[in-house]
Amino acid sequence: MLDPTVSPVSPAPPGRRTLRLGVAGPVGTGKSSLIATLCRELSGEFAMAVVTNDIYTDEDARFLRSAGVLAAERIRAVETGACPHTAIRDDITANLDAVEDLEEEFAPLDLVLVESGGDNLTATFSPALIDAQIFCLDVAGGGDVARKGGPGIGRADLLVVNKSDLAPYVGVDVGRMVADAEKARDGRPVLALSRSDAASVAELCAWVRGVLAEHVDGRHVPQDPGPMAPHSHGPAGHDHGHEHGPHTHVH
Amino acid sequence: MADEDDPGAAARGSGTGALGALLLADARLPTGGHAHSATLEGAVAAGLAAEQVPAYIRARLRTVARTEAAAAVLALRAGRGRPVDYGPVQAALAARTPSAPLRAASASLGRGLTRLARALCPGHPAVAGLATATAATPGLRPLRPVVLGALGAALGLTEAQTARAVLYDDAQTVTAAALKLHPGDPLATVRWVVDAADDIEAAVRAAVAVAAPADLPARSAPLIDQWAAEHAQSTRRLFIA
Ligand SMILES: Nc1nc2c(ncn2[C@@H]2O[C@H](COP(=O)(O)OP(=O)(O)OP(=O)(O)O)[C@@H](O)[C@H]2O)c(=O)[nH]1
Ligand SMILES: [Mg+2]
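Just so you know, the protein sequences line up as chains A and B, in that order. If you want this note's numbering, it's the position in the first sequence, counting the first as 1, plus 1. If you want this note's numbering, it's the position in the second sequence, counting the first as 1, plus 337.
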């Protein structure tokens, strides 16, 4: 019989050394590239590993291995049964298995990066899988995306507006996009990033170092962006996903 | 010691057995099943057509799934015994699963179920005893039917409920994967499962009748083994196995 005295929730063991950092966001916004950048910049400083969630192939894992930024055996791909959002939120089994295996094989690890399969704006990581998460948009998706909101845009630990170097070609005002995002995030950080802009890469690394230090000190508390976020109904009505819950209308 | 379903238990509102049987058969159980296809993806890659999927379900119910259901019943009995020892059933099942990718897939599903069992009822002897399975097959985690049997013991399932949960889950894993691999009407796939009822019940009876690990049927399916091996080498896949 079930033992009612035992809590069914199993929180991360206190004092787990490794920071598990998720990178989510729509398809092609530069998640793998961001992870490659972090590996290149930080793997001399920290012991790292990577888990990728590919949808059809192990291409992301192969891209990262071929980038030569981290030893190939520290990069694992998991299959998601064509449900990338499920694999990072509702049933995180495959990802937890991969993360735990890497942490055991390469102990002690400082940082495990988990790339979600490129998915829609509503997909965020469960706090049972990761300690902190980056949500990655790019300017090529259009300047309006940040304003549209969603749990990742609104409440991920860091919002990255990626490929800022492309802004002039796609007619996007990066400053405006960042300001819109900041408004949607109640002061949580937003970073305009381009892999070819060294200053922005340095800011990204500084943010990761900061979270890592807080995690090691036990000051970092994982936040769940949640599956739901305040959203607005455009003139056409529904621009949100398939969830139906308490709606907060922002006009 | 025929172990019939006991509708009285549910009516009396006692125990978690009836509810547990539904839980273990629910695809929403967060134990990793959604990333598995019961080798259907490998079969489709080798040319299995949409209209052959019901036959594929039946073939599994008469071969690999039957062995797994019987193993789950043996594990359920082991989980009720004191001291708990899953070693004999784990070793017997591993020996009857000749395909390395299929052993790995079963161990991966077993790992997810073990995580659930430890979160749900860590102090239960049937769950604490799962270490005896690994001890019998070093390097191989407790296989899915062994952990399902352990959970069945912890939740108070009957032998028939445990066997049926294994068989139903096998059939539903195929239908759910079929919707991602072949175009089709989701409602039509429900018919495939209902049509498999006789095969499922025959396999339930066979599973409950198995007396000891040495009698565990060795019903592997060579084509499924081959498709699983090819799938494991594939670089384009949706499902783990
Ligand atoms: N101009 C520019 N292109 C970039 C930048 N970062 C990534 N890209 C390009 O954007 C494309 C997608 O990058 P990925 O890193 O594969 O994106 P992803 O989000 O991992 O993609 P999926 O995993 O398929 O969802 C590639 O062609 C990259 O070269 C950047 O900072 N500037
Ligand atoms: Mg990628």
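Hint data in this document are derived by calculation from the structure and do not stem from the laboratory. We put the CB at the ideal spot given by N, CA and C, even for glycine. Among the clues, some could well be false.
What the hints assert, rightly or not - Distance windows between CB atoms, simulated: (1) E106(A) / A428(B): 21 to 31 Å; (2) A214(A) / A456(B): 27 to 37 Å; (3) A534(B) / P190(A): 53 to 63 Å; (4) A392(B) / E183(A): 50 to 60 Å.
Inset, instruction - Could you check the structure against the hints above and give me the numbers of any it violates, in ascending order? - result: none
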